[in-house]
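Add 4 to a position in the sequence shown, counting from 1, and you land on the number used in our numbering.
Worth flagging that the hints you see were computed from the coordinates, not collected in a lab. Treat the hints with care, since some could be wrong.
[As the list claims (entries may be wrong)] DMTMM-like cross-link-like pairs, simulated, lysine to aspartate or glutamate; straight-line CA separation at most 25 Å:
no., residue 1, residue 2
1, K194, D115
2, K194, D173
3, K194, E133
4, K163, E133
[Said to hold, decoys possible] Label pairs and their computed distance ranges (CB to CB):
no., residue 1, residue 2, range
5, I321, V299, 43 to 51 Å
6, W323, A280, 22 to 30 Å
7, W323, E77, 50 to 58 Å
8, L134, T113, 13 to 21 Å
9, R18, W284, 37 to 45 Å
Note that the structure is a prediction, hence the values are computed from the model and not measured. Using N, Cα and C, we set each Cβ at its ideal position, and we do this for glycine too.
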Amino acid sequence: MITAPATAVSIFHREDAGETFASWAAELHAAAENAPGFDSALISAPDANSFEWAAAVSFDTEEHLHAWLDSAERTALLRSGDRLGHHRISTDVIVVEGSAPSTGVGIITHDVANGRQDEFLASQQELVELSSSFSGFEGAVLLGPGRPTDEVLGDTASKWMSVLRFRTDRQLSAWMQSDVRSAALPELRKQLTGDFSVITHSTPFGSIVRVEDGKTQVTPDWKTAMLVLLVLYPTVMTLSRFVGPLLDDIGSPPWLSMWLSQILSVGLMTYFFMPAVTGWFRRWLDPIDGAPRTVSLIGALAVVVVYAVTLTLFASIKWLQFWDYFD
């Protein structure tokens, strides 16, 4: 189970009584707040006709998220929502940090400038109306801390998330890369404190895939190679020192010992070491945030420093040297 932060977006059919839905969703979120690992909750703006109704909850791990989604308390609340006419359109959309979204689903986050919520909502409605004319469009959700007119939000509401649903990734990409969308984006950017960001994901061996304004960008190969070497060298050296002798003791021939060691090495790197190190160097690996020359240079120097530390350890500590440990 992935331990990264995770969000579930529940999408519902629109009904006439938007205020009833908002009240019921608030009750659903209040119950989620008491669940282990709860982080935050967002609700759609039911007064915006272009969007579907939705409620989203975020937890610190995917395990805690699924524990809430599977809980008897949530099941009972969903049943009460059904009785009120709040029926889910489909299964929940699960968003896990570092993982790709579901097929045909685009997740975009926005930092809305203070006092610009109304203009932001209008820009989003225009984008949805434009995207709805593209093949495969199935619906859109706009999630925020609350409705832009809520007095409790004042001018402090800023974090928003939009969810676009198309039948296939190809159809989603056609909209994301379209000239129609590009022409509408300048108006949207006026309401943001910075550029919007499409949810990204990382590959098992350190590359980060990011989509900005419909263009897919990936970590440069040289950065990925440096990071793989950073993890591979101490992994192979440690396995040779501690696992190799164990295989020798049980009579494993060299050709089999090497194969088994490589299986263990690849498994550890794929599921444990590389994800951890990718997290530490995430900004450096990011094809956009890590693109500036200064960031790239500082990150590369940090990797070289770790190279030097590991080389020094295995060169100077005899107990770690697999070729000499038995002397």
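Cβ distance range 50 to 58 Å for W323 and E77, holds or violated = Because 53 Å falls inside the window, the suggested range holds.
request  = Take a quick look at whether K163 and E133 sit within 25 Å of each other, Cα to Cα.
outcome  = holds (22 Å)
request  = Could you see if the CB distance from W323 to A280 stays within 22 to 30 Å?
outcome  = Given about 24 Å between the Cβ atoms, the range holds.
query = Okay, R18 versus W284 on CB: inside 37 to 45 Å?
reply = Taking Cβ atoms as reference, R18 and W284 lie about 44 Å apart, which means the hint holds.
ask   = In this structure, is the beta-carbon distance linking I321 and V299 contained in 43 to 51 Å?
value = violated (33 Å)
query = Taking only the CA atoms, is the gap from K194 to E133 under or equal to 25 Å?
reply = Answer holds: K194 to E133 is near 19 Å, not above 25 Å.
task = Take the C-alpha atoms of K194 and D173, compute the straight-line distance between them, and say whether it is at most 25 Å.
result = Distance ~28 Å between K194 and D173 Cα, so the pair is violated.
inquiry  = For the hint 13 to 21 Å, verify it against the beta carbon of L134 and that of T113.
reply    = holds (20 Å)
query = Does K194 pair with D115 here, judged by a C-alpha cut-off of 25 Å?
reply = holds (11 Å)
In the structure shown, a violation is registered for the earlier hints numbered 2, 5, in ascending order.
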